[in-house]
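What follows is each chain in one-letter form.
There are 2 protein chains.
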Amino acid sequence: MKLSTGWSNQMKFDSVVVRFGGEMGIKGEWTRRTYEKLLLENMKKVLEHHNIPRIKIIHKRGRIYIKTENVQETASKLTLVFGVSSASPAVETTSDMNDIVHRAVEVADIKFKNGCSFAVRCHRVGKHPYSSMDICREAGNKILVDLKSRDLKVNLTNPMFTLGVEIRDDYAYIFIETLRGVGGFPLGSQAKVICLLSGGIDSAVACWLVMKRGCSVIPLFFDIAPFTDEAAIAKALDVARELFKWSVGFPRRVYIVQHGRNLETFVGVNPRKLTCILCKRMMYRIAERIAEIEKAEGIITGEAIGEQASQTLINLRVLNEAVTNYPVHRPLLGFNKLETEKLAKKISTFEISIRKAKGCSAAPGKPATKARLENVKKAEQELDLEGMVEESIAEAKIVTV
Amino acid sequence: MKLSTGWSNQMKFDSVVVRFGGEMGIKGEWTRRTYEKLLLENMKKVLEHHNIPRIKIIHKRGRIYIKTENVQETASKLTLVFGVSSASPAVETTSDMNDIVHRAVEVADIKFKNGCSFAVRCHRVGKHPYSSMDICREAGNKILVDLKSRDLKVNLTNPMFTLGVEIRDDYAYIFIETLRGVGGFPLGSQAKVICLLSGGIDSAVACWLVMKRGCSVIPLFFDIAPFTDEAAIAKALDVARELFKWSVGFPRRVYIVQHGRNLETFVGVNPRKLTCILCKRMMYRIAERIAEIEKAEGIITGEAIGEQASQTLINLRVLNEAVTNYPVHRPLLGFNKLETEKLAKKISTFEISIRKAKGCSAAPGKPATKARLENVKKAEQELDLEGMVEESIAEAKIVTV
Numbered sequence: 001m002k003l004s005t006g007w008s009n010q011m012k013f014d015s016v017v018v019r020f021g022g023e024m025g026i027k028g029e030w031t032r033r034t035y036e037k038l039l040l041e042n043m044k045k046v047l048e049h050h051n052i053p054r055i056k057i058i059h060k061r062g063r064i065y066i067k068t069e070n071v072q073e074t075a076s077k078l079t080l081v082f083g084v085s086s087a088s089p090a091v092e093t094t095s096d097m098n099d100i101v102h103r104a105v106e107v108a109d110i111k112f113k114n115g116c117s118f119a120v121r122c123h124r125v126g127k128h129p130y131s132s133m134d135i136c137r138e139a140g141n142k143i144l145v146d147l148k149s150r151d152l153k154v155n156l157t158n159p160m161f162t163l164g165v166e167i168r169d170d171y172a173y174i175f176i177e178t179l180r181g182v183g184g185f186p187l188g189s190q191a192k193v194i195c196l197l198s199g200g201i202d203s204a205v206a207c208w209l210v211m212k213r214g215c216s217v218i219p220l221f222f223d224i225a226p227f228t229d230e231a232a233i234a235k236a237l238d239v240a241r242e243l244f245k246w247s248v249g250f251p252r253r254v255y256i257v258q259h260g261r262n263l264e265t266f267v268g269v270n271p272r273k274l275t276c277i278l279c280k281r282m283m284y285r286i287a288e289r290i291a292e293i294e295k296a297e298g299i300i301t302g303e304a305i306g307e308q309a310s311q312t313l314i315n316l317r318v319l320n321e322a323v324t325n326y327p328v329h330r331p332l333l334g335f336n337k338l339e340t341e342k343l344a345k346k347i348s349t350f351e352i353s354i355r356k357a358k359g360c361s362a363a364p365g366k367p368a369t370k371a372r373l374e375n376v377k378k379a380e381q382e383l384d385l386e387g388m389v390e391e392s393i394a395e396a397k398i399v400t401v
Numbered sequence: 001m002k003l004s005t006g007w008s009n010q011m012k013f014d015s016v017v018v019r020f021g022g023e024m025g026i027k028g029e030w031t032r033r034t035y036e037k038l039l040l041e042n043m044k045k046v047l048e049h050h051n052i053p054r055i056k057i058i059h060k061r062g063r064i065y066i067k068t069e070n071v072q073e074t075a076s077k078l079t080l081v082f083g084v085s086s087a088s089p090a091v092e093t094t095s096d097m098n099d100i101v102h103r104a105v106e107v108a109d110i111k112f113k114n115g116c117s118f119a120v121r122c123h124r125v126g127k128h129p130y131s132s133m134d135i136c137r138e139a140g141n142k143i144l145v146d147l148k149s150r151d152l153k154v155n156l157t158n159p160m161f162t163l164g165v166e167i168r169d170d171y172a173y174i175f176i177e178t179l180r181g182v183g184g185f186p187l188g189s190q191a192k193v194i195c196l197l198s199g200g201i202d203s204a205v206a207c208w209l210v211m212k213r214g215c216s217v218i219p220l221f222f223d224i225a226p227f228t229d230e231a232a233i234a235k236a237l238d239v240a241r242e243l244f245k246w247s248v249g250f251p252r253r254v255y256i257v258q259h260g261r262n263l264e265t266f267v268g269v270n271p272r273k274l275t276c277i278l279c280k281r282m283m284y285r286i287a288e289r290i291a292e293i294e295k296a297e298g299i300i301t302g303e304a305i306g307e308q309a310s311q312t313l314i315n316l317r318v319l320n321e322a323v324t325n326y327p328v329h330r331p332l333l334g335f336n337k338l339e340t341e342k343l344a345k346k347i348s349t350f351e352i353s354i355r356k357a358k359g360c361s362a363a364p365g366k367p368a369t370k371a372r373l374e375n376v377k378k379a380e381q382e383l384d385l386e387g388m389v390e391e392s393i394a395e396a397k398i399v400t401v
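Taken in sequence, the protein lines are chains A and B.
The first sequence: position 377 = 377 (the working numbering), numbered continuously.
The second sequence: position 388 = 388 (the working numbering), numbered continuously.
So here's chain A without its partners, still in its complex pose (with noise of 0.2 angstroms):
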């Protein structure tokens, strides 16, 4: 069957092939059709985001095909969305083999360079009168022959350029470049979490591993003022619109918590040396009750076993004790530090994490690293923890960025 010769017309990379396999395609048939529709919910809110029109989008199993103008932008934005694992910037042309070598041999003759080696790979669904190795030889064939003065070789185990040919039903996909997307899940298709976001390197990474796994995400920013400057609240803020990019279309609030009374009254209590701690253990205790507030399913933290003295895994147990509703989940837990400092590059919030601001003017000298809970209950003993969650929720703000 031939949908159209459309030869005459000038050849135009005029479709996005989007791929999403992987983690979601082996899930079983019921949830894996939850998630590709949610995806492509997801998929469409980039798109009206960043004014990017499409013509036509066709969902099948595993993959969806956009039909735009601009192909480019669209294949770039759409690697920013959790669960596409790659995009690819093609040509479509029917499923018709004289089409389809028709097409490629006009790709290779735009996108390769002289004397340049190349392969052919098919990959092809549904019912055809030829093989893919048919249209890797015919295409490939047709490509030496239409382009010798090109002076291009067939080099199958490490071509400089790789032509992909998708062929679906009635339709076939010519591209040369795929982009990779991060993978993972479309966001929205776990439950809502409670982040801490501090502003620094590592709460950023924690918070976007996890909306990597479909959670949306509810940034919390624990103001110390004036046991910092305001250049801390400024950074948290930045790093939370860097981290919505990858939610588009989902909600952009941020919990800010004047925190810096609380820590007063920490700095008070003896010994000087649990400050972090009793601290912490606090900022655990509202990140509790804001989860509650927003029925969210779990609390994100940044930390690593042993990165900094509060993060001992004795200290990890001893803060664990303050919440009893809710997990505390820590994705960062096994990371070195440089490895979250790549990660933190590549979601851009590197840059902005390490923007000055002032450190904590009140943690000790000397911090517990193997703090015991006894010892921490007895200092917490004459404080009236509950009114502080009280007085903090009752103050919070709750900003949009």
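Hints listed in this document are in silico derivations from the structure and should not be mistaken for laboratory results.
Computed from a predicted structure; not experimentally measured.
Do not take every clue at face value.
[Claimed, not checked] When the alpha-carbon atoms are kept at most 20 angstroms apart in a straight line, the in silico DMTMM-like pairs for lysine to aspartate or glutamate are as follows:
1) A:K346 to B:E374
2) B:K337 to A:E23
3) B:K337 to A:E339
4) B:K273 to A:E29
5) A:K370 to B:E29
6) B:K295 to A:E321
7) A:K273 to B:E29
8) B:K366 to A:E29
9) A:K345 to B:E23
10) B:K345 to A:E23
11) A:K366 to B:E23
12) A:K342 to B:E23
13) A:K27 to B:E339
14) A:K27 to B:E341
15) B:K67 to B:D169
16) A:K337 to B:E29
17) B:K370 to A:E29
18) A:K295 to B:E374
19) B:K295 to A:E374
20) B:K342 to A:E23
21) B:K346 to A:E339
22) A:K342 to B:E339
23) A:K370 to B:E341
24) B:K342 to A:E294
25) A:K366 to B:E29
26) B:K370 to A:E294
27) B:K345 to A:E321
28) B:K27 to A:E374
[What the hints assert, rightly or not] Distance ranges between label pairs, derived from CB positions:
29) B:C116 to A:K366: 15 to 25 angstroms
30) A:E351 to B:G25: 20 to 30 angstroms
31) A:D169 to B:R272: 38 to 48 angstroms
32) A:S131 to B:I398: 50 to 60 angstroms
33) A:F250 to B:N114: 12 to 22 angstroms
34) A:K153 to B:N114: 23 to 33 angstroms
35) A:Q258 to B:H49: 47 to 57 angstroms
36) B:I398 to A:K44: 53 to 63 angstroms
37) A:K358 to B:E382: 55 to 65 angstroms
38) A:R355 to B:K366: 44 to 54 angstroms
39) A:K345 to B:G25: 47 to 57 angstroms
40) B:R61 to A:K366: 13 to 23 angstroms
From the three backbone atoms N, C-alpha and C, an ideal C-beta is built for every residue, glycine too.
Assemble chain B onto chain A, guided by the hints.
Quick look at chain B alone, frame taken from chain A:
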């Protein structure tokens, strides 16, 4: 000062430069010293374990220099020590510039390929009558002159070979090759943890990640026979053996808990879709009891958000609720499956984990992905949970692998 010319001796790679900067280097003085001492102990254990004789070990801030007959094996084995960021087989010489330049030419002569490009890089600590730049210039020039027939070229931006010179007080080390370690913190610098180890891909990687951050681990395997076959336990023990290659000198104990009878009980409980949740909550409870016995400080699992039906964020919260005294740490929380597999290959557990074993035959066809705590508690109400834990602990076996 010239300690020895040594020029008449045949040049020999006789030393290994071991680096452990990065995260250990930015710790406070006391912590850093404690960590470096522990790292040195762990390194010695590895050398003894592999019967590698060493002639001398020099420990300086941020570096350990090992004099040995067997530089390649030493460097290679030491990259399996957590905390080591890299190791280079090297030639030791005095810090006299003539000695360094002479040895540099000898190393270049042996290691450089004809016609290659190279650069000399120098790192220097101590007081010397020359600068690092002087060394680079002198060594570079002498190599070009003395090895004129070899057609070498200097390329400072993208050289094929980099000749490293590290000068530390009275000694200098010349090397070409640098083997990467995995960084992190020396094993034992953090508290002990109980790691749920199934033999599958994920739990092995989770276990390794917390080892990398300094935790010594006690693997805990739940034998669900007759709901699986004997291949399962063999896999888990082999994975444990592979992981213990990273903890030479530390205990190699594995807990094996007979969990089949517990699981049989859960299969009989309504609703059937909760079986996995009930089973896992019991695993957590037993792990908690073992943590108490072993004075561990946390429980490690291989769960990643959304990877399996039991691992939705909502379910993780329900699972967490079963444990009150210990944190459940999930280092893979934000990992994509592909990322976990890549790491599993790197640490050589992948091939073991993909060996065939019968999957759990008790898993329901449609497991709950949004379990409600009240329903789970209701289902558990009729069960003698405490008795199940007691019995499981009483019958637990501890094997040394």
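Hints that the structure is at odds with (numbers, increasing) = Going through the list in order, the structure violates hints 1, 23, 24, 27, 28, 29, 33 and 39 and respects the others.
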